[in-house]
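J.: Given next are the chains, with one letter for each unit.
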Amino acid sequence: MNANVIAIINLIGGLVSTLGPITLDLALKIKALIEQSQLGSVDIKSVGDVTIAADDATMADVNQWLKDHGFAELPIV
Amino acid sequence: MKQYSLTRQLLNLALLWTMLGVTTYLFVGCRHNVNATAPTTPYQQVLLNNQGLAQANQDIAKVIEALNVQGLISTNDARAILTVQFQVAAADKKLTLILEQGQGFASGQASTINGLIGDITTAINTLVTQGLVGVKDAEKQQQLAADISAISGLARLIVSGLQTTGVLKAQNGPESYPQMALAMGGVL
Numbered sequence: 010m011n012a013n014v015i016a017i018i019n020l021i022g023g024l025v026s027t028l029g030p031i032t033l034d035l036a037l038k039i040k041a042l043i044e045q046s047q048l049g050s051v052d053i054k055s056v057g058d059v060t061i062a063a064d065d066a067t068m069a070d071v072n073q074w075l076k077d078h079g080f081a082e083l084p085i086v
Numbered sequence: 044m045k046q047y048s049l050t051r052q053l054l055n056l057a058l059l060w061t062m063l064g065v066t067t068y069l070f071v072g073c074r075h076n077v078n079a080t081a082p083t084t085p086y087q088q089v090l091l092n093n094q095g096l097a098q099a100n101q102d103i104a105k106v107i108e109a110l111n112v113q114g115l116i117s118t119n120d121a122r123a124i125l126t127v128q129f130q131v132a133a134a135d136k137k138l139t140l141i142l143e144q145g146q147g148f149a150s151g152q153a154s155t156i157n158g159l160i161g162d163i164t165t166a167i168n169t170l171v172t173q174g175l176v177g178v179k180d181a182e183k184q185q186q187l188a189a190d191i192s193a194i195s196g197l198a199r200l201i202v203s204g205l206q207t208t209g210v211l212k213a214q215n216g217p218e219s220y221p222q223m224a225l226a227m228g229g230v231l
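If you read the protein sequences in the order shown, they are chains A and B.
Residue numbering for the first sequence is 10 to 86, as defined by this note's numbering.
Residue numbering for the second sequence is 44 to 231, as defined by this note's numbering.
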């Protein structure tokens, strides 16, 4: 088993045991990443694109929130 | 209050089910696939860990917005945290644009990668030391701390993975990131 997978499992286990339930959505996403990793179906470009989509969504979401609350939006560079 | 407890119980059950599923998959499913597929390379693992970091960061931003709606965090405190989430996302996007070009390309961008990872760890450290103070509900604060610790753990795996693949040299690793060490020590 890959050492990184073990590290992630240990990380999740540690969080659950010491800090109680973590965000279910996050746990499910990490599970999906582990499955993807174990299946050996990793395409670097597609994983990168999914990551960039998440980052773009975060920045857009934050800027929308700032705008809704009367703050200046942050520059996307 | 009763509804919250029920939701909490359902979340606990779902989480336990998920963990059981992960465990079952690792001990049963992986054995089935050992000879059927190629193992994931360390560089691919870096990209997967990076994806997890981006998605966890996105989740935290959503939680902060929800807490603000519920009145559990002031608008000014939420703004400060969300600004950090934005900074993490911006740096991570730049990092990803390099990493997805492949290991060879990334190896030639070590200096830039170091700077971007430094930006991410500095932002995470800001959250750990200052960002969660404004969360009024102790339980929510603890859950957020857990999510942030997940990001810290993934950032650490990204650095070690890049060192394993030779993209970053060992002397540019975690030892050179006192802020990351502080963040890890502060949460984990």
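Some hints could be false.
Lysine to aspartate or glutamate pairs mimicking EDC-like chemistry, simulated, CA-CA at most 16 angstroms apart [to be verified]:
{"hint": "1", "chain 1": "B", "residue 1": "137", "chain 2": "A", "residue 2": "65"}
{"hint": "2", "chain 1": "B", "residue 1": "183", "chain 2": "B", "residue 2": "120"}
{"hint": "3", "chain 1": "B", "residue 1": "105", "chain 2": "A", "residue 2": "70"}
No wet-lab data here; the hints were simulated from the structure.
Remember, it's a predicted structure, so these values are computed and weren't measured experimentally.
J.: All hints are to be evaluated individually against the structure, with a verdict given for each.
T.: Right, here's what the structure says about each hint:
A threshold of 16 angstroms between alpha carbons decides the hint, and for residue 137/B with residue 65/A the separation of about 11 angstroms falls inside it, so the pair holds. Taken as a hint, the residue 183/B and residue 120/B pair is honoured in the structure, with Cα atoms around 14 angstroms apart against an allowance of 16 angstroms. Under the criterion of a C-alpha separation no larger than 16 angstroms, the hint pairing residue 105/B with residue 70/A is consistent with the structure, at around 8 angstroms.
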